[in-house]
Amino acid sequence: MPQFSRRVGHIALSLLLTTWIVVVYVFYFRQFFPYWDVARRMIFRIIGLGE
Amino acid sequence: MILNLIFLSLLLLVFTGMGFRLLRTLRLAGGSLAQDLMFALALGSGITAYVVLGLGLLGWLHRWIIIGAFAVFVVASLPELHRLMLRFWNAFNDRTLNWPGWASIALLAALTWFVLGNLVASLAPPIYGDALTYHLAAPKTFLRDHQISFIPFYTFNLPFTLEMLFLLAMVLRNDVLAALIQWALSVVTAGGIYLLARQHFALSRRDALLGATTFYAMPMVTLYASAAKPNFGLALFTLLAVHALFNWRRDRRINWLILAGIMAGLAGGIKTHGLFSIAGLTVLAAVEVLWIQRRDFREALRAAGIVGGVAGLVVSPWYLKNWVFTGNPLWPFFYSILGGRDAGPITYMHLRYQYDSLLRAASDFILGPWRLTVEGTRFGLHRNNITPVFLAFVPLVWFRASANKTRLRRDVALLLLPCLVYYAFWFYAFQYGAHTIGVLPLLAVAASVGMRRALASTSVLRTTAGLAIAVSLLFGLGVNVIYNAQFVPVVLGEQSTDRFLEEKVVYYPQIKWINQNLPLDSKLLVYTHMGYYLDRDYIYGRDGFQGHIDYDAIRTPADFVRRLQELGITHIMWDSYFFEGTANQVKERAGGDDRLRRIFATLEHERILVPIYRSSARMIVSKTLDWGIPSTVVVYRLDYPDPFPG
Numbered sequence: 006m007p008q009f010s011r012r013v014g015h016i017a018l019s020l021l022l023t024t025w026i027v028v029v030y031v032f033y034f035r036q037f038f039p040y041w042d043v044a045r046r047m048i049f050r051i052i053g054l055g056e
Numbered sequence: 201m202i203l204n205l206i207f208l209s210l211l212l213l214v215f216t217g218m219g220f221r222l223l224r225t226l227r228l229a230g231g232s233l234a235q236d237l238m239f240a241l242a243l244g245s246g247i248t249a250y251v252v253l254g255l256g257l258l259g260w261l262h263r264w265i266i267i268g269a270f271a272v273f274v275v276a277s278l279p280e281l282h283r284l285m286l287r288f289w290n291a292f293n294d295r296t297l298n299w300p301g302w303a304s305i306a307l308l309a310a311l312t313w314f315v316l317g318n319l320v321a322s323l324a325p326p327i328y329g330d331a332l333t334y335h336l337a338a339p340k341t342f343l344r345d346h347q348i349s350f351i352p353f354y355t356f357n358l359p360f361t362l363e364m365l366f367l368l369a370m371v372l373r374n375d376v377l378a379a380l381i382q383w384a385l386s387v388v389t390a391g392g393i394y395l396l397a398r399q400h401f402a403l404s405r406r407d408a409l410l411g412a413t414t415f416y417a418m419p420m421v422t423l424y425a426s427a428a429k430p431n432f433g434l435a436l437f438t439l440l441a442v443h444a445l446f447n448w449r450r451d452r453r454i455n456w457l458i459l460a461g462i463m464a465g466l467a468g469g470i471k472t473h474g475l476f477s478i479a480g481l482t483v484l485a486a487v488e489v490l491w492i493q494r495r496d497f498r499e500a501l502r503a504a505g506i507v508g509g510v511a512g513l514v515v516s517p518w519y520l521k522n523w524v525f526t527g528n529p530l531w532p533f534f535y536s537i538l539g540g541r542d543a544g545p546i547t548y549m550h551l552r553y554q555y556d557s558l559l560r561a562a563s564d565f566i567l568g569p570w571r572l573t574v575e576g577t578r579f580g581l582h583r584n585n586i587t588p589v590f591l592a593f594v595p596l597v598w599f600r601a602s603a604n605k606t607r608l609r610r611d612v613a614l615l616l617l618p619c620l621v622y623y624a625f626w627f628y629a630f631q632y633g634a635h636t637i638g639v640l641p642l643l644a645v646a647a648s649v650g651m652r653r654a655l656a657s658t659s660v661l662r663t664t665a666g667l668a669i670a671v672s673l674l675f676g677l678g679v680n681v682i683y684n685a686q687f688v689p690v691v692l693g694e695q696s697t698d699r700f701l702e703e704k705v706v707y708y709p710q711i712k713w714i715n716q717n718l719p720l721d722s723k724l725l726v727y728t729h730m731g732y733y734l735d736r737d738y739i740y741g742r743d744g745f746q747g748h749i750d751y752d753a754i755r756t757p758a759d760f761v762r763r764l765q766e767l768g769i770t771h772i773m774w775d776s777y778f779f780e781g782t783a784n785q786v787k788e789r790a791g792g793d794d795r796l797r798r799i800f801a802t803l804e805h806e807r808i809l810v811p812i813y814r815s816s817a818r819m820i821v822s823k824t825l826d827w828g829i830p831s832t833v834v835v836y837r838l839d840y841p842d843p844f845p846g
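Protein chains in written order, with our numbering: chain A, 6 to 56; chain B, 201 to 846.
Please keep in mind that the hints were generated in silico from the structure rather than gathered at the bench. Be a bit skeptical, because a hint or two may be false.
Stated by the list, open to error - Quick list of the computed label-pair ranges, beta carbon to beta carbon:
#, chain 1, residue 1, chain 2, residue 2, range
1, B, G230, A, W41, 50 to 60 Å
2, A, W41, B, V272, 54 to 64 Å
3, B, I202, A, A17, 33 to 43 Å
4, A, D42, B, V275, 54 to 64 Å
5, B, P300, A, P7, 36 to 46 Å
6, B, A561, A, V28, 16 to 26 Å
7, B, F288, A, V13, 52 to 62 Å
All C-beta atoms in this analysis are idealised placements derived from N, C-alpha and C, irrespective of residue type, glycine included.
Let the hints inform the model, and build the full structure from the sequences given.
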């Protein structure tokens, strides 16, 4: 039983930390969404497709 | 291009040789070669900077004196470099090369790409705004005046340790060499992260490289590594101060404490924020004695006193200079308490609200790291954004820790302590994102411990962590390519320097006209901030940022003309963008009286201000995106009336 509890706790903690990493990254990249158009134009300019 | 790199190598070798001499004097040489090289380079650059400062304060900033002093350094460093060469050779011969693994090779390749990308940008003529305003403009002015004297512009009296090296670079070669120094320090900082992670956190090559590479992949690093700015001096010296203190924890030799103090002091001489590093290091020394070594308060005070005392001694010349020049060591800060010559009109600190979107409550203090990561614009610009790697992975250090990892957790806690002290000062002082750079390398080391833990975990966490790290690196790669691509044509010679500067530097064509047409003894009042490319004497006239002209005391055209005559101004470079800001601020303070515009109109009408050049210009908003807004530049000649109006 203690082994089972430890196993469940282990999985729960892994999921919690995974969620934490995902949340941080989603919110981090969310701030750049309004600037996607700027990035697109820059990439087009660099690869020579104009704007 | 090649010559610039040769000169950079020469500078770095001489710094290392000089610093190694001091390291041997402190009996601290003999650790790993990489550690010795890093400390030697940092110490040597500090020694050189302080010698240039000394020459400047003595009024000896003449080309031949500086070159002579540097020649002495070259000669003095030769025996030390010979010693280091022998050690390098022995280490190279003794070493058996182990296969580092594909992950390490991939990380090293990524790091090399970032480093080379930033090198390309460093080789271009300087265009970064702050560099043109003061990091390069101040050394150029000091060199022209042959001395370091008091100039009442808000940033010309900051601690300038790295700017002294920029000055040396400008004498020996050019301003590109100055930018290359910052680039070199950025690379050494990445190396310092690797070394601290390896030596004191027992991380594998791969995990230490993860810390160094994710740090270097940050957009903030890409944007600053190639600019003639002192950011990486602050980052490197703070990192090395902590490294020296961790060395002291290991072998308790007091000289490591002294070296930690020297490094922290040098950090304090780079930027005012370096004082936060000194505070952090002092607290760290005290906590180590009390908490880890379990010794009494007196011992803690002694350790903290050594670090703080030595750091204070090293940093003191900059603040003593200000005290002698102005009466306020922290000029122009704390004017209301400490006063200070010509600091009254400098009110730009009032503008800081634009970066103070955080409130000062305890909850805001706790939420700060989250906001710094996910809301970069609240702290200046997106470029001040901090990689999500720190926030995502540093907390993982405290999860899933088995009993034998307690010591590692404690060491990471100690590593984060100076970060916390630094953050506290930053939080209550000036909340600008880029100023956190002083402790970001420390966070990178802590994050690499967290990343290792995640990568050694269950499959779902390992996969997510791997993806997250890869996404950070790819995002950094994209920014690195987009940002640095703009410098490639000028560095390869496909675009002329003039054309490049016309595209990237605010009012460059107009500045060029001034350089070609105004008499050599002209002195200009300019309303733009970026005066570096002006080859005439000039003062900045923007309200709130300088103490030359107190606009509140200027009530009539005669007041203004009198002040300009006192300052020896012969011409004014007026521009619609920056002048508007100044005129609006003066109007607001004068209760709606549009005084400054009226004064200019009157003086132009009376032919005291005579327009000799008018041009449509472009106030550049984004160099990378080539965005600008239309403006107008007028150069006025001042025909002082005789007799002078009453």
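Item to check | Pairwise beta carbon distance, F288/B to V13/A, judged against the given window 52 to 62 Å | outcome: Between F288/B and V13/A, where Cβ atoms are some 54 Å apart, the hint holds.
Next on the checklist: Verify the CB-CB distance for I202/B and A17/A against the hinted window 33 to 43 Å.
Outcome noted: Given a distance of about 59 Å, which is not inside 33 to 43 Å, the answer is violated.
Item to check | Verdict for G230/B, W41/A (Cβ pair) under range 50 to 60 Å | outcome: Taking Cβ atoms as reference, G230/B and W41/A lie about 53 Å apart, which means the hint holds.
Checklist entry - Between P300/B and P7/A, is the Cβ distance one that fits in 36 to 46 Å? => result Check passed, 41 Å falls within 36 to 46 Å.
Checklist entry - Is the hinted range of 16 to 26 Å satisfied by the C-beta distance from A561/B to V28/A? => result For A561/B and V28/A the Cβ distance comes to about 23 Å; the hint holds.
Item to check | 54 to 64 Å as the expected CB spacing between V272/B and W41/A, which holds or is violated | outcome: Check passed, 55 Å falls within 54 to 64 Å.
Item to check | Range hint 54 to 64 Å (beta carbons of D42/A and V275/B) holds or violated | outcome: holds (58 Å)
In summary, the structure is inconsistent with hint 3 from the numbered list given earlier, while agreeing with all the others.
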